[in-house]
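The lines below spell out each chain.
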Amino acid sequence: RKEVEQDPGPFNVPEGATVAFNCTYSNSASQSFFWYRQDCRKEPKLLMSVYSSGNEDGRFTAQLNRASQYISLLIRDSKLSDSATYLCVVNMGYQKVTFGTGTKLQVIP
Amino acid sequence: GAGVSQTPSNKVTEKGKYVELRCDPISGHTALYWYRQSLGQGPEFLIYFQGTGAADDSGLPNDRFFAVRPEGSVSTLKIQRTERGDSAVYLCASSKGTGDTGNTIYFGEGSWLTVV
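As they're listed, the protein sequences go chains A and B. With the first letter of the first sequence counted as 1, position 8 gets the number 8 in the working numbering; the numbers rise by one all the way through. With the first letter of the second sequence counted as 1, position 77 gets the number 77 in the working numbering; the numbers rise by one all the way through.
Treat the hints loosely; a few may be bogus.
With a cut-off of at most 27 Å between alpha-carbon atoms, the simulated DSS-like pairs for lysine-lysine come out as follows [as the list claims (entries may be wrong)]:
| # | chain 1 | residue 1 | chain 2 | residue 2 |
| --- | --- | --- | --- | --- |
| 1 | B | Lys11 | B | Lys78 |
| 2 | A | Lys42 | A | Lys79 |
| 3 | A | Lys104 | A | Lys45 |
| 4 | A | Lys96 | A | Lys45 |
| 5 | A | Lys96 | A | Lys2 |
| 6 | A | Lys42 | B | Lys11 |
| 7 | A | Lys42 | B | Lys15 |
| 8 | B | Lys15 | B | Lys96 |
| 9 | A | Lys104 | A | Lys42 |
| 10 | B | Lys96 | A | Lys96 |
| 11 | A | Lys2 | A | Lys79 |
| 12 | B | Lys78 | B | Lys96 |
| 13 | B | Lys11 | A | Lys45 |
| 14 | A | Lys45 | A | Lys79 |
| 15 | B | Lys78 | B | Lys17 |
| 16 | B | Lys15 | A | Lys45 |
| 17 | A | Lys79 | B | Lys78 |
| 18 | A | Lys2 | A | Lys45 |
| 19 | A | Lys2 | A | Lys42 |
| 20 | A | Lys42 | B | Lys78 |
| 21 | A | Lys96 | B | Lys17 |
| 22 | A | Lys96 | A | Lys79 |
| 23 | A | Lys2 | A | Lys104 |
| 24 | A | Lys45 | B | Lys96 |
Keep in mind that the hints were calculated from the coordinates and are not lab data.
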């Protein structure tokens, strides 16, 4: 089993739609969690951290479920500019940081 | 500059040659990471430095790959006897690495390596 797993997609959604991605992780001792965004041929950039209590940043909401070992990202009112690959990132402790394969999102006009 | 700097940005080399990729992290960041990313894949962990020492090199694929960070700042990833399968973008990242596992990791733009 991979340490961090994501559905690669692509998710093709119309503008204005709500879309959600999940990511599962295998190490129950994992300590911190993030979503990164990566545009084509660019480096990954931090989108948001994920906290146990859940957190929201504008149209983006991240959730962590430690019992089931998954994190989620919800995007509301999708924009064309949201088209990118979304990478789930898990810090396994001692700064070992593992990335998922990424979920590709394409927002369609 | 304020961000992570990587050189060269692009490198084309012949199979069997030796390659060095350089990373200059954000000033003051003690943690430095190397990742490799192939088309359609997420970044694959190679090695992590805390200061000058390699805290975790479990991701290096074989003994042709080696990385150093002699003064705890700039790091060099060295690849010997390159193979076509080594073609990928090599991403360097850094973080404050103070022990707080919530530290944000910042990436450079990557070094795009093509082995022909």
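Status of the hints after comparison with the structure:
The hinted pair formed by Lys11 of chain B and Lys78 of chain B meets the criterion: a straight-line CA distance of about 13 Å does not exceed 27 Å. Note on Lys42 of chain A and Lys79 of chain A: the hinted pairing holds, with a Cα-Cα distance of about 19 Å set against a maximum of 27 Å. At most 27 Å may separate the alpha-carbon atoms for a hinted pair to count; Lys104 of chain A and Lys45 of chain A meet this at roughly 15 Å. Our distance criterion of 27 Å between C-alpha atoms is met by Lys96 of chain A and Lys45 of chain A, whose separation comes to about 18 Å.
Of the pairs offered as hints, the one joining Lys96 of chain A and Lys2 of chain A holds, with about 15 Å between alpha carbons and a cut-off of 27 Å not exceeded. Restraint check: the Cα-Cα separation between Lys42 of chain A and Lys11 of chain B comes to about 16 Å, which is no more than 27 Å; the hinted pair holds. Distance restraint check for Lys42 of chain A and Lys15 of chain B: the Cα-Cα separation of roughly 26 Å lies within the 27 Å cut-off, and the hinted pair is therefore satisfied. With a C-alpha separation of about 36 Å, the suggested pairing of Lys15 of chain B with Lys96 of chain B is violated against the 27 Å cut-off.
Annotation: proposed proximity of Lys104 of chain A to Lys42 of chain A holds, straight-line Cα distance about 14 Å (limit 27 Å). Under the criterion of a C-alpha separation no larger than 27 Å, the hint pairing Lys96 of chain B with Lys96 of chain A is consistent with the structure, at around 14 Å. Distance hint between Lys2 of chain A and Lys79 of chain A is unfulfilled; the C-alpha atoms sit about 31 Å from each other, more than 27 Å. Of the supplied pair hints, the one linking Lys78 of chain B and Lys96 of chain B holds, its CA atoms being roughly 24 Å apart against a limit of 27 Å.
Taken as a hint, the Lys11 of chain B and Lys45 of chain A pair is honoured in the structure, with Cα atoms around 23 Å apart against an allowance of 27 Å. Under the criterion of a C-alpha separation no larger than 27 Å, the hint pairing Lys45 of chain A with Lys79 of chain A is consistent with the structure, at around 18 Å. Under the criterion of a C-alpha separation no larger than 27 Å, the hint pairing Lys78 of chain B with Lys17 of chain B is consistent with the structure, at around 11 Å. A distance of roughly 32 Å separates the Cα atoms of Lys15 of chain B and Lys45 of chain A; the hinted pair therefore is violated under the 27 Å criterion.
Restraint check for Lys79 of chain A and Lys78 of chain B: not satisfied, since their Cα atoms lie roughly 41 Å apart, outside the 27 Å limit. A distance of roughly 22 Å separates the Cα atoms of Lys2 of chain A and Lys45 of chain A; the hinted pair therefore holds under the 27 Å criterion. For the hint pairing Lys2 of chain A with Lys42 of chain A, the CA-to-CA distance comes to about 24 Å; that is within 27 Å, so the pair holds. Between Lys42 of chain A and Lys78 of chain B the alpha-carbon distance is near 23 Å, which keeps this suggested pair within the 27 Å criterion.
Note on Lys96 of chain A and Lys17 of chain B: the hinted pairing is violated, with a Cα-Cα distance of about 30 Å set against a maximum of 27 Å. In summary, the hint linking Lys96 of chain A to Lys79 of chain A is not supported, as the alpha carbons are separated by about 33 Å, beyond the 27 Å threshold. Taking the CA atoms of Lys2 of chain A and Lys104 of chain A, the gap is near 19 Å; set against the 27 Å cutoff, the hint holds. For the hint linking Lys45 of chain A to Lys96 of chain B, the alpha-carbon distance of about 16 Å falls within 27 Å, and the restraint holds.
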